[in-house]
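Take the given structure of chain A and dock chain B to it, following the hints.
Read off the chains here:
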Amino acid sequence: MKNKLNEILEALLLSASRPINIDEMVKVFDDPKPSKDDIRSALNQLDEDCIERGIELKQVASGYRLQVKQNLSAYVAKLWEERPQKFSKATLETLSLIAYKQPITRGEIEEIRGVTVGTQLMRGLMERGWVKIIGQRDVPGRPSLYATTKEFLDYFGLQHLRELPELPSLPDLNSLELQLPIEEPESKDNPQALS
Amino acid sequence: MGDTKTLNPQILEVNKNYPQQGEMFLATVKGKETVLPEDLYVPPNALEILLDSFAGPLDFLLYLIKKQNLDILDINVAKITEQYTSYIELMDAMQVELAGDYLVMAAYLAELKSRMLLPRPNEQAEEEDPRAELIKRLQEYQRYKEAAERIDKIPRIDREIFSANAKLPEFTLQTPMLDIPIEDLTFALAEVMRRVDQSQAHLINFEELSTRERMTQILERMKTESFIEFTSLFIPKEGKIGVVVTFLAILELLKDSLIEIVQSEEFGPIHIKGIDEVH
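Chains A and B are the protein sequences, given in the same order. Position one of the first sequence corresponds to residue 1 (my numbering), numbered consecutively onward. Position one of the second sequence corresponds to residue 1 (my numbering), numbered consecutively onward.
It is worth saying that the hints were derived from the structure and are not from the lab. A couple of the hints might just be wrong.
DEER-style ranges, computed between Cβ atoms [unchecked claim]: (1) B:D158 - A:R142: 32 to 38 Å; (2) A:R142 - B:E170: 48 to 54 Å; (3) A:L161 - B:L103: 33 to 39 Å; (4) A:W80 - B:L219: 54 to 60 Å; (5) B:L70 - A:W80: 38 to 44 Å; (6) B:D74 - A:Q59: 27 to 33 Å; (7) A:Q120 - B:P119: 44 to 50 Å; (8) B:K255 - A:P103: 42 to 48 Å; (9) B:E133 - A:V26: 53 to 59 Å; (10) B:R150 - A:N44: 30 to 36 Å; (11) A:Q159 - B:L117: 50 to 56 Å; (12) A:K36 - B:E191: 25 to 31 Å; (13) B:I154 - A:Q120: 20 to 26 Å.
Ideal Cβ placement from N, Cα and C applies to all residues, glycine included.
In isolation and in its complexed conformation, chain A is listed as follows:
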């Protein structure tokens, strides 16, 4: 039974072409369905079985995925004639602002980037399924609030937003020395001196 479960899960993962979670795995079985723990231990077994193979089991935001081992990806990349799509600075900056400051409006993105965010750019991010509108801010104009999706995390092989690289910290503005000399008021003008 145990062995059979491994095989079934491997088949599911290889055929899904997207990450699948444990609930989805449970659903494909007829009664009596294996428990979630059964599935988990079978997944562990599957992971161990991969040690001697070219693939590994990886957990991402939407579930599990069988993928080529990271250290072998250079070989695989050579098979792909077309280089994977590069993302423009504008796309990456917008995406990182949404990722780190979600939920965020388009206006807030534009304020920090100092540049208009094209409708096309936002639509592109939404069509890829990386970004979604999760509501409207309750201010005049009711601007849409954007957030990242699980698919975004899946794409970058992450499970949680907290796994994103750390956001560079903001230098302390107080360390800024004012270059303009500030003249001290003369002591006779000082009200304290008068009293």
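Then chain B, alone, in the frame of chain A:
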């Protein structure tokens, strides 16, 4: 990744050995002819590429600051403004259609420069350094610019991550009849049944309802209401038999494609609606 970093200096600084154009007057600005800044050779159409290689005016400003080996905190507003506007004027002269954001920044810098030049009245001594806002914006922008570069380095699908796939075996796909899970429908029915139980005491002996009749009644009702909540179709007074008849009528109508059953969200209320007529 690395490409974009090396791209900018190339455009501005390479090409010194390139066949030089004779000094070319581009435009007359304030009675003076503008020429290309000394360290800038501009191949035809390069300025559009130049603009494209920066993510915006803040990115461009950061580049200008870095080029002078300056820290953001040490910027000389007058100098930066001069440099920035000379590029902008140049692009304008070459009739590059400038993004409005670049002009907004030029105006902002000019205003900042003029404020820096004004003597400061004593009573405003506590006023913030006019540069502080610009510095704050540059720093905030730089954070996310760096964050974007870091995100760009994360292994990603089809670049470093390759999903393992097997060819699908032959199989016939089972297409479910309903768009919504049958459990939800039965659950909704159970809910109705529960309500019926509660009002069972008031049960009156009703004449038997035929499924067809109920189908007609539902369709009749759909003429005036295009969207009916599932549970509102049931009349508790009719008792269990009435509920079953109604439920059968709904299923029957569904089978005949006369109605659609929709559920806008998981566990949300189920609604019955008419099939949109083709116009």
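Problem set entry | Outcome of range test on Cβ distance (D158 of chain B, R142 of chain A; 32 to 38 Å) | holds, 37 Å
Exercise. How does the Cβ-Cβ distance of K36 of chain A and E191 of chain B compare with 25 to 31 Å: does it lie in that range?
Worked result: holds, 27 Å
Problem set entry | Q120 of chain A versus P119 of chain B beta-carbon gap, inside 44 to 50 Å or not | holds, 47 Å
Exercise. If you check the beta carbons of K255 of chain B and P103 of chain A, does the distance land in 42 to 48 Å?
Worked result: Holds - the Cβ-Cβ distance for K255 of chain B and P103 of chain A, about 43 Å, lies within 42 to 48 Å.
For this session: With 30 to 36 Å as the target window, see if R150 of chain B and N44 of chain A comply at their CB atoms.
Result: Once the Cβ atoms are compared, 32 Å apart, the range 30 to 36 Å for N44 of chain A and R150 of chain B holds.
Problem set entry | Pairwise beta carbon distance, L161 of chain A to L103 of chain B, judged against the given window 33 to 39 Å | holds, 36 Å
Exercise. Cβ-Cβ distance between E133 of chain B and V26 of chain A: within 53 to 59 Å?
Worked result: 56 Å Cβ-Cβ, so the 53 to 59 Å window holds.
Exercise. Holds or violated: 48 to 54 Å for the Cβ distance of R142 of chain A and E170 of chain B?
Worked result: holds, 51 Å
Problem set entry | Cβ distance range 20 to 26 Å for I154 of chain B and Q120 of chain A, holds or violated | holds, 24 Å
For this session: Hint says 50 to 56 Å; check whether the CB-CB distance for Q159 of chain A and L117 of chain B agrees.
Result: 54 Å Cβ-Cβ, so the 50 to 56 Å window holds.
Exercise. Is the hinted range of 38 to 44 Å satisfied by the C-beta distance from L70 of chain B to W80 of chain A?
Worked result: With a Cβ separation near 42 Å, L70 of chain B and W80 of chain A satisfy 38 to 44 Å, so the hint holds.
Exercise. Is 27 to 33 Å a correct range for the gap between the Cβ atoms of D74 of chain B and Q59 of chain A?
Worked result: For Q59 of chain A against D74 of chain B, whose Cβ atoms are near 47 Å apart, the range 27 to 33 Å is violated.
Violated hint for the displayed structure: number 6, the only one.
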